[in-house]
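*Asks:* So the chains spell out like this:
Number of protein chains: 4
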Amino acid sequence: MTGAAFGGYQNEIYLQGLAGTTPAFTTDATGLEAAAEKVLEPGPFSYVAGAAGSGATARANRAAFDRWKIVPRMLTDATHRDLATTVLGTPMPAPLALAPVGVQTIVHPDGELATARAAAALGVPMILSTAASSTIEDVAAANGDGPRWFQLYWPGDNDVCASILARAKKEGYTALVVTLDTWTLAWRPGDLDQAYLPFLHGDGVAVPFSDPVFRARLEKPPEDDPASAILRWISMVTGTDKAWAQLPFLREHWDGPIVLKGIQHPDDARRAVDAGMDGIVVSNHGGRQVDGALGSLDALPGVVAAVGGRTEVLFDSGVRTGADMIKALALGADAVLLGRPYLYGLAHGGEDGVRHVLRSLLADFDLTLGLSGHRTVAELGAADLVRT
Amino acid sequence: MTGAAFGGYQNEIYLQGLAGTTPAFTTDATGLEAAAEKVLEPGPFSYVAGAAGSGATARANRAAFDRWKIVPRMLTDATHRDLATTVLGTPMPAPLALAPVGVQTIVHPDGELATARAAAALGVPMILSTAASSTIEDVAAANGDGPRWFQLYWPGDNDVCASILARAKKEGYTALVVTLDTWTLAWRPGDLDQAYLPFLHGDGVAVPFSDPVFRARLEKPPEDDPASAILRWISMVTGTDKAWAQLPFLREHWDGPIVLKGIQHPDDARRAVDAGMDGIVVSNHGGRQVDGALGSLDALPGVVAAVGGRTEVLFDSGVRTGADMIKALALGADAVLLGRPYLYGLAHGGEDGVRHVLRSLLADFDLTLGLSGHRTVAELGAADLVRT
Amino acid sequence: MTGAAFGGYQNEIYLQGLAGTTPAFTTDATGLEAAAEKVLEPGPFSYVAGAAGSGATARANRAAFDRWKIVPRMLTDATHRDLATTVLGTPMPAPLALAPVGVQTIVHPDGELATARAAAALGVPMILSTAASSTIEDVAAANGDGPRWFQLYWPGDNDVCASILARAKKEGYTALVVTLDTWTLAWRPGDLDQAYLPFLHGDGVAVPFSDPVFRARLEKPPEDDPASAILRWISMVTGTDKAWAQLPFLREHWDGPIVLKGIQHPDDARRAVDAGMDGIVVSNHGGRQVDGALGSLDALPGVVAAVGGRTEVLFDSGVRTGADMIKALALGADAVLLGRPYLYGLAHGGEDGVRHVLRSLLADFDLTLGLSGHRTVAELGAADLVRT
Amino acid sequence: MTGAAFGGYQNEIYLQGLAGTTPAFTTDATGLEAAAEKVLEPGPFSYVAGAAGSGATARANRAAFDRWKIVPRMLTDATHRDLATTVLGTPMPAPLALAPVGVQTIVHPDGELATARAAAALGVPMILSTAASSTIEDVAAANGDGPRWFQLYWPGDNDVCASILARAKKEGYTALVVTLDTWTLAWRPGDLDQAYLPFLHGDGVAVPFSDPVFRARLEKPPEDDPASAILRWISMVTGTDKAWAQLPFLREHWDGPIVLKGIQHPDDARRAVDAGMDGIVVSNHGGRQVDGALGSLDALPGVVAAVGGRTEVLFDSGVRTGADMIKALALGADAVLLGRPYLYGLAHGGEDGVRHVLRSLLADFDLTLGLSGHRTVAELGAADLVRT
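Residue numbers (UniProt numbering), protein chains in the order written: chain A, 1 to 388; chain B, 1 to 388; chain C, 1 to 388; chain D, 1 to 388.
Just chain A, same shape as in the assembly (with noise of 0.2 Å):
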């Protein structure tokens, strides 16, 4: 799949529009939440679109961009454009993979497996939450052929960590995402209001529930007490002492890449190079983890100055048109994540709203990377943008 042919949706759009018919749900990446918001209710609605604190840092993560300027240039024939990468080992049509979200299923039935079809369906890679509402067997199988990746939320209980990891890695998943930013949820005073915790009441627990090990440790099975296997679960994400010592461990049971994300600060990169991990994303779980935080695209680029290449960075947090994958890229990062936007794509239309989204993304960061006058993603550098 190229790159026109991302492209080519919008004139796939223009020409439904002869037949009188328009997209199903806004193609405008700034309008995607106020749409979303029309067909959500409100405890899903403000999990998915609230951020921590006083939203600081989610309106940081966005004024980041704001601050770098794309710079066109003119008559370099970029007509034809191969927007194809390798991240992580994984070759991908285009720098760009979904982040992971748990508890999918708070917004459409389908959940995690209509996302994983729609990835699958454009050869994007999913990240597969360790929160996530269906089994890592399932959406595996809904995925089928596509690239996927798994992301771990780090359990205490190394023997529940070991069985997770194995069931990943037997189903496919090709790379671990471990979150360093969220051993215990901030304070999000959009849930707080609506006292609404997804996990309490059912969703986003299948990959605990459906763990031998996991379920084990229980004194009753998950199905005859819910609330406390919930609680359980949670307990032994929430207040693990994880720190650096420990990342051996999930070398010795994961065989692949290992990616830590919520990277921020340049030191905490140079210490993810010095103990071997094979990528980073900076990110800041999209505002929801520290308020009054940096913007995580003001934190890329002393970051990737710290790597030094010697590592991978994916970026992550405020991503929402093709121009800001082509700051992203130009400053540094390899890829980067898409997060909320997908899941209002999810809340609209299930696996067709995640296609659409994805497809309007990717159109508009194929339109956008040739009318600035490239034709490969390897071609962005900091020549590319001015900063204002």
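All clues given are correct.
Cut-off 20 Å, straight-line C-alpha distance, at most; resulting in silico cross-link-like pairs (EDC-like, lysine to aspartate or glutamate):
no., chain 1, residue 1, chain 2, residue 2
1, B, 242, A, 82
2, B, 38, C, 193
3, B, 242, A, 379
4, C, 242, B, 77
5, B, 169, B, 145
6, A, 242, D, 379
Listing some non-contacts, in silico: residues in chain B with all C-beta distances to chain C over 12 Å:
no., residue
7, 84
8, 92
9, 109
10, 160
11, 163
12, 167
13, 193
14, 209
15, 219
16, 232
17, 236
18, 240
19, 246
20, 305
21, 310
Keep in mind that the hints were calculated from the coordinates and are not lab data.
Ideal Cβ positions, reconstructed from N, Cα and C, are used throughout, including at glycine.
Please arrange chains B, C and D on chain A, whose structure you already have, making use of the hints.
*Replies:* Using the frame of chain A, we list chains B, C and D on its own:
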């Protein structure tokens, strides 16, 4: 026509007030868009007012103007002003031309013909778009003795290109303005959400439809199968692989000044000079092509420095007021292009509407120039501005 | 009248609260405009509140104040304050004068006479506009023993000019304030959209209409043909070709301090010093003349540095609060002028309204000065501010 | 009480959600004001939420926080946190104290007594205002074993001052917080427009009314003539001529730490150190006194540098979230004061409301500190922030 005559439009309006008459359309350059929205269908309005992606570039265009401030001078005796200048060999009553805008019949049935008449009445050069909804010949007739230039969307088919250029030359279009930034359409959510592309509905195709070489390329005449003809035309414009090396073709087929429109990077400006171009237009197509790009005025100083006076520099994208014109000129532009605002005038009142918008802008420019302490455009320079 | 007396207006209001009485008009300087809009017709409101072009200069005036911040000092014993100063030879209870504003009857039938009475009651100098709707003589009578200056729109006809100056001098106007920035009216969309120019409807013409030399210039007396008389008057003011070389004429015909109003550039300030002017007013006419210009407070430091204490510097444009006064004074102004706010007070309640607005501003200034740690205006300096 | 216990409030709320219970009052620190407005009369709401003049200083307080951003660190094992600190000799569970706020009965009948109980329940120091609507003795009784300090509006009458200090000392208020910035009330349009000053209506006078020395100064007992007594009291506070030289009087009459509240300038901080003060509070009274002043957090770094560790530095003005606390502490504050937010809690639900607001802020602080990678307050420093 002198500057004082432009400013006199103000007195004309005030004196009409004695008879209880107010202007039919607003004189507020920043209120034109909202006023036009009231008389336009959503499709045409979105097409004209909309921008690429998140609209960030269109906002950046305006923000760039706001960073520069005029420092007015006193007691300079600027009562009698002469705004006249000559750009691309064309004597002009003021450093202003009408930017090329296609498919003008979507906002008013008189379309480009009304624009051509209004421009001629004021002596302001009109740049006819390749995507115009009237023919090269009809617009020339409507424009009469008025100065006119021709804008080229550079067709992939050299014979079609040569045919169009020959027709334009024959009809008295003196300069050729080659748009570089729109060899494919950007991702424009405002249009996509409505699946509205005017070309697909028969507007804006008069130039190619009337071209004998283009017609010869079709299986059926456009009259018999307009949809196919349009798609063929779009395919000729979209995806062409133009590059610097092909510029000599244009020189061979155009006996007059050639201007490259869409330059934002100093290196591209230098290449245009090296290629012997007679001018460039610093433009980002009003923010309609590359989302997340720098404001066009932010690009101007670097381009002017790179060019070093070796070619003429026109400025486009974001101009709304007389103060905007002064800023662009003080930063080194030889003239500016006006885009959307005159479309809003056309939407409101056809030829009269265009004239009103132009007279308002010219009066504003004339008065603001004089009140800033200047009598001629040539006096303007960087010393007239401060950056805040 | 001491500073403490100004601050006492606060206590007066609070004590009235014991009897259930609240102020008739708001005490919020930033709420005056909205409050006045409720009692004014659209034409007069737009004329007073409006600005040139896009309104950018008016916004820049406010933004300039926001860039500077006061750093308050503690334990300085500022209980007893003396705000008095002497500017242009006029002892003043505080460094404040009423900016010249014409045609005040458009907002209240008592017009300039009410303003003159309110100013006199507080001892604040009033600057009468050439475009006033009451005569030089009537305003002087209403002003009584109050300090008063005269503002000149410099007529093209030297005899008319000399006649007006002689009348003003005879009536006790001590200083002459020559407005440089309004030899023609700017493009003001708010007024133009309504085709509203008060002069054309008979307001604001008392000064010229009552002048015998001006009357002698007319074919018919103004009473018989007011429209022609007004147009004649406007033509005398508009388009005059005044320049630095003509300043000696004013000196010959004015026995007292002469001040140039409208200076924004340091070089113009130097020329005023070189021309022997007794003062300058750093002003952009409240943003009513040159659109897109720098905020007047942004111009002040450069002008103060250029002047180097060789002439008095007044500040105008954007002053709303006591903190604004402190900032202008700390940056080197000897006094400030207040414009639109007192018109809003006049609109709401005639003389009482003007007094209320002035007492509110003076109380705010008095209290803010003291709470900043100062007892006199002379103590203020650049060390009291930081730039953010 | 450990940090983890504070963060546990989050889980408590989520678990209540299982039973369908949501918090009675918002957990969103930035939504407290709007929520309180719904339950308060306009006078009290304006008194609490309002600010001086145009409100610019209150806005600057918030903008200053937004300029600094937290850079979170990963894998630091911050599961177990200890937020405890000791400030002014007072052991505190977290670096937070309740800012002195007078007349609390205007928002809830239980007033300061409810605040004292809530503070004691959490171990957070309360600073009782001289303008409190309950007596020194009653608040001490309500506060019980809780830590408490006393805020002084420094009376002009030394005997009254000595009497009040003696009572406070006797009742276990350990530190004295002397407010410097409010020796007279600022111009506050919100209150003035309603002529609302709570003291004049009998609120907030318990401290002086109950003081025998003050009573002896009156002609009639306060019970017989409250209005006169209030005016007498205000006159004692207003207009006093305190200066640095008078600080020894306080030292003579207070056996414990003395803190000067209202410092914004580094030179004033140095003088406080030179005068042997035990601490200072960097504060601008929440923007309620000097309009147009710098944001208090903008003043903090300069003050901390000037002090050089020679005295304790508390921070006040604009704190709303846990991230705000982290920023102030990282910039050198030893603890912060919380003002308006707990009044909003009091307004909504008395003691329970104050406790909810405090628990929410402490949980937010606890979680944000941990998620930023820190276990103790002492770890925080300038390296945790970047300025954008």
